[in-house]
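Enquirer: Protein chains in written order, with this note's numbering: chain A, 1 to 283; chain B, 284 to 624; chain C, 625 to 971.
Because the hints were derived from the structure by calculation, they are not lab data. Note that the coordinates shown come from a computational prediction; the quantities given were computed from them, not determined experimentally. Each hint should be verified, as a subset may be incorrect.
Said to hold, decoys possible - Computed footprint of chain B on chain A, listed as stretches where at least three residues anywhere in the stretch have a Cβ under 8 Å from a Cβ of chain B: (1) 82-90; (2) 144-151; (3) 188-196; (4) 203-215; (5) 258-267; (6) 275-282.
Just so you know, even glycine gets a beta-carbon here, dropped at the ideal spot from N, CA and C.
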Amino acid sequence: MCKEQMKNIYLPYEARIEDIKVETEDGNLKTYRIVFEKDEDKRNWSHVPGQFAMLSIAGKGEIPIGIASSPTEKDFLLFTVNRAGVVTTALHKMDKGEPIGVRGPLGNGFPVDGELKGKNIVIIAGGFAFTTLRATLIYLLENRSDYGKITVIYGARTPGMLLYKDELKSWQERDDLECHITVDREAPGWDGLVGFVPTIAGQVKPSPENSAALICGPPIMIKFTMPPLEEIGWKDDQVYLSLENRMKCGVGICGHCNVGPVYVCKDGPVFKRSEVQKLPVEF
Amino acid sequence: MKPLALFKSELDGFLKELSRDYDIFGPKRQKKGYLDWGEIEGLSDLDLSPGVTKTSIKSFFLPQPEVLFEFSTRAREERAFRLKEPKCPDRKRVLFGVRPCDARSIYLNSMPYKDDCYFQKNIERNIVIGLFCKAHLSTCFCTWVGGSPTSTDGMDIGVYELEDSFIFLPFSQRGQEFLRDKGLREIGQKEEEQIDAYKNHAPEGISEGVDIAKEFSQKSLFDLYDARFWQEVTDPCLNCGTCTFLCPTCYCFDIQDEVLRGKGRRIRYWDSCMFPLFTLHASGHNPRGEKVKRVRNRFMHKLKYFPDRFGPISCVGCGRCVRDCPVSIDIRQVIRQFLEI
Amino acid sequence: MSTINEKITTEIRKVAKELLEKDEVAAFLGYTEGTVPMVMKPFVARRPEDVEKLFWNSFCVLNLANYLPLVLQSLEPPRRPNDPLPEGPLPRVGVLATGCWSRNMVVQIKENQIERERVIIVGISSRGMVDRKKVQAQVDHLEITEVIEEDHKLIVKGPGFTKEINRWDVVRDNCKSCVHPDPVIYDEVIGDFSGGRQVPKRFGDIQEIEDMDIEERWKWFQEEISSCIRCYACRNACPLCYCPTCFVDDSRPQWVGKSIDKTDTALFHILRAFHCAGRCTDCGACESACPMGIRMRLFTKKLYKDCMELYGFEPGLRIDEPLPLTTFKLEDPQDYILQQGQKGEEK
Chain A
1 MCKEQMKNIY LPYEARIEDI KVETEDGNLK TYRIVFEKDE DKRNWSHVPG
51 QFAMLSIAGK GEIPIGIASS PTEKDFLLFT VNRAGVVTTA LHKMDKGEPI
101 GVRGPLGNGF PVDGELKGKN IVIIAGGFAF TTLRATLIYL LENRSDYGKI
151 TVIYGARTPG MLLYKDELKS WQERDDLECH ITVDREAPGW DGLVGFVPTI
201 AGQVKPSPEN SAALICGPPI MIKFTMPPLE EIGWKDDQVY LSLENRMKCG
251 VGICGHCNVG PVYVCKDGPV FKRSEVQKLP VEF
Chain B
284 MKPLALFKSE LDGFLKELSR DYDIFGPKRQ KKGYLDWGEI EGLSDLDLSP
334 GVTKTSIKSF FLPQPEVLFE FSTRAREERA FRLKEPKCPD RKRVLFGVRP
384 CDARSIYLNS MPYKDDCYFQ KNIERNIVIG LFCKAHLSTC FCTWVGGSPT
434 STDGMDIGVY ELEDSFIFLP FSQRGQEFLR DKGLREIGQK EEEQIDAYKN
484 HAPEGISEGV DIAKEFSQKS LFDLYDARFW QEVTDPCLNC GTCTFLCPTC
534 YCFDIQDEVL RGKGRRIRYW DSCMFPLFTL HASGHNPRGE KVKRVRNRFM
584 HKLKYFPDRF GPISCVGCGR CVRDCPVSID IRQVIRQFLE I
Chain C
625 MSTINEKITT EIRKVAKELL EKDEVAAFLG YTEGTVPMVM KPFVARRPED
675 VEKLFWNSFC VLNLANYLPL VLQSLEPPRR PNDPLPEGPL PRVGVLATGC
725 WSRNMVVQIK ENQIERERVI IVGISSRGMV DRKKVQAQVD HLEITEVIEE
775 DHKLIVKGPG FTKEINRWDV VRDNCKSCVH PDPVIYDEVI GDFSGGRQVP
825 KRFGDIQEIE DMDIEERWKW FQEEISSCIR CYACRNACPL CYCPTCFVDD
875 SRPQWVGKSI DKTDTALFHI LRAFHCAGRC TDCGACESAC PMGIRMRLFT
925 KKLYKDCMEL YGFEPGLRID EPLPLTTFKL EDPQDYILQQ GQKGEEK
């Protein structure tokens with residue numbers, strides 16, 4: 001039972017899967033377009049790029065997923081989901097039109113309307129961690145004049161493992177955006193960059209001057225991306241990372257996602273690298 | 284409001300009268316010999332021996348399990364969730380004989396649970412009648428961690444047990460309203476003197492004038508995190524959930540869906556950071572995969588992370604973990620080791 | 625102080641010190657004193673000077689075999705999950721073992737949880753460990769602040785009382801009915817072995833439950849587990865419970881609910897008991913670890929009895945004996961293990 005006057009932070013909004021798109025050649029990543037059942041919920045919803053939400057499947061449970069759509073995309077939410085655990089496997093078996101719960105938005109998000117304003121932005125992503133950075137990039141492009149130079153470095157194992165392929169193409173064609181898409185190894189039909197994200201970052205050499213970098217990817221990628229950036233003068237407080245941990249409540253109570261004194265779900269998932277350095281490595 | 288009094292001989296009638304409007308719970312001697320919470324209908328059910336009950340007060344605030352909501356098990360076919368929030372039971376509860384340490388845990392847990400409507404509803408539902416301690420066990424250490432045998436944190440009403448009577452003092456608006464019209468009499472002169480004499484039974488503090496919450500918040504996180512004693516603290520640990528489940532201030536939970544006899548429900552239930560699966564990612568990666576990291580997390584959370592965030596230490600010194608840890612891991616030793624750093 | 629325990633403690637320290645000093649072992653697993661009366665703390669001595677902390681008395685109720693795999697693993701050079709073991713002998717661990725603990729080590733060796741070459745077993749014949757819950761009952765559950773153990777009695781003190789208790793009166797039920805107090809495998813010996821014990825009604829407690837009618841028995845079972853808080857102290861204290869993911873924790877699929885639903889709790893206890901059948905040595909660690917006083921040892925002991933009656937088998941007595949539930953004999957009444965028309969080979 002719930003105290004009447006209070007908002008029930010555990011109750012999901014009722015929503016529906018409007019569309020499903022298979023993103024990658026292995027079929028393990030799908031993007032779900034979700035719409036709210038009630039207009040009221042749709043009106044009340046507002047998020048910041050970098051935030052996440054809990055997706056709910058009746059009888060299976062909840063799972064935290066980064067919001068892949070920008071707040072500027074008004075009529076729907078996008079979630080790109082990797083098939084890994086119980087809930088995501090169930091989600092992968094669902095069809096268009098099926099009901100889904102959405103609880104959120106949760107977490108802090110990237111400071112797109114704060115510290116990032118007026119800065120050159122470098123987005124560095126590896127694998128399927130690109131999702132909330134897609135949301136961010138769309139937002140930046142919609143508010144293009146608020147930011148300086150925008151650089152994107154994004155890589156996946158193979159061309160078929162890249163997310164949002166159509167959009168990548170359109171971004172590469174824009175002249176207000178520098179877009180470096182890379183794959184780990186040579187592949188038939190691929191005439192783009194080849195090499196790991198850290199290597200490409202080292203070649204692109206984005207200037208640290210009045211800049212911020214937003215990095216999402218596997219820990220190993222982040223580890224190797226830092227040295228080439230540091231070499232050209234990047235400081236830890238210019239670098240934003242998005243952490244992941246097992247989460248249950250999403251609101252900083254249940255205790256699952258703590259990294260030392262901080263809760264990834266509530267205080268994060270976005271942290272400056274200088275803040276992460278002050279935490280134990282429990283993520 | 285002035286303190287009110289009740290002769291001991293009147294308590295049975297008082298409880299019986301109360302049980303018409305409230306479900307009453309209090310310390311009750313169990314078949315296995317220990318004290319634990321049980322339903323109280325009259326004085327004969329109640330056992331006010333010194334010391335804390337086996338399990339803590341938290342099951343009245345964080346019930347095991349708590350239904351968050353129900354949903355249709357045919358959600359997919361019906362193309363709708365049909366979420367239903369559980370109804371609130373009409374009857375209120377009186378928790379009688381809550382020791383100051385347990386009562387303080389309600390106050391401490393309210394900090395992280397500030398916005399949790401289920402916890403807050405239980406706060407509303409439970410009237411906490413505390414019982415101050417006139418004796419303590421060897422495992423008690425409330426005075427180390429910001430509490431005391433006469434601490435009123437978390438109580439609606441506090442009770443002194445005197446020679447022939449009980450003295451009731453309200454500490455909240457609700458407590459005041461509750462005591463009104465309960466037929467209690469005014470306190471006598473002799474009783475007032477007895478209360479004053481009551482106050483010299485506290486367990487010894489860890490050391491005169493040391494505020495350990497303040498001490499620990501001034502220490503560097505990594506000095507404590509990387510301390511050398513963790514391995515030795517961890518060696519005997521079974522990684523069971525005894526300490527966390529008996530602890531009044533261990534409040535972590537997990538959420539899960541259960542589908543049962545045609546009904547779906549989302550519940551939350553107690554979880555323990557001692558369990559390896561607590562932090563396991565779907566990818567297989569586990570940030571606290573090793574036992575030593577889990578043991579360290581439990582103590583660090585109570586003694587450093589929580590105070591850094593909220594102020595007080597997340598421990599009330601009830602000594603349950605000390606008393607029932609199968610391998611005698613003792614948080615008091617860890618506190619001492621923290622102080623040495 | 626008990627002269628018997630004092631002598632054993634001195635011997636343990638001597639043996640442990642020698643093993644550590646000569647680098648025969650990298651760690652020695654024993655017991656040290658806890659901070660509350662009647663609770664001992666398993667202890668890993670890693671340096672010769674640590675042995676001064678080793679103690680022995682009648683409250684060493686947990687099974688040290690339970691700690692062996694993790695301590696052994698902690699001494700191996702760090703490697704990733706699929707990396708091969710390093711060449712050459714790995715560091716060894718010295719460990720104390722009574723009859724049941726040593727039998728669990730036999731089970732662990734047979735189930736590939738530990739390697740015989742990597743443990744130096746220091747055998748002690750058990751005089752029976754004391755059940756602290758029985759001691760508490762003897763003093764009406766008043767708080768006990770000090771217990772002095774003599775050879776045949778305990779002197780129990782609390783605020784305002786002192787009581788002498790006959791040691792044997794408060795020995796654990798499993799120890800009282802134990803016929804194998806002597807270690808079955810060992811490399812060193814401390815004290816004398818007893819040569820085995822005679823017990824009149826070894827399974828008397830089980831017989832009593834078997835004699836109940838089915839409803840009464842179910843009621844007894846339900847009541848016994850009614851206070852379970854699902855802390856898993858029983859499971860985690862058990863040297864047999866080493867599954868990387870226990871069926872109660874598994875979420876793919878979710879076999880059992882994780883809260884304290886009656887059916888879920890019953891399922892946990894029943895399945896755990898069956899999982900230990902033919903492997904459990906009745907060491908009593910589960911029951912001693914339980915904070916709620918649940919006698920779950922009676923569940924496993926029933927299966928111990930069944931295994932004895934059905935297969936004539938007692939776990940961990942001989943290292944060369946096959947385990948009954950992983951063995952098939954041609955004369956077994958069930959033939960489901962054979963493919964149709966085929967005759968299998970005895971394993």
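Enquirer: Take the hints in turn and mark each one as holding or not.
Expert: Results for each hint:
no.: 1; hint: 82-90; in the structure: holds (count 3)
no.: 2; hint: 144-151; in the structure: violated (count 0)
no.: 3; hint: 188-196; in the structure: violated (count 0)
no.: 4; hint: 203-215; in the structure: violated (count 0)
no.: 5; hint: 258-267; in the structure: holds (count 4)
no.: 6; hint: 275-282; in the structure: holds (count 4)
Hint check: violations occur at hints 2, 3, 4; the rest are consistent with the structure.
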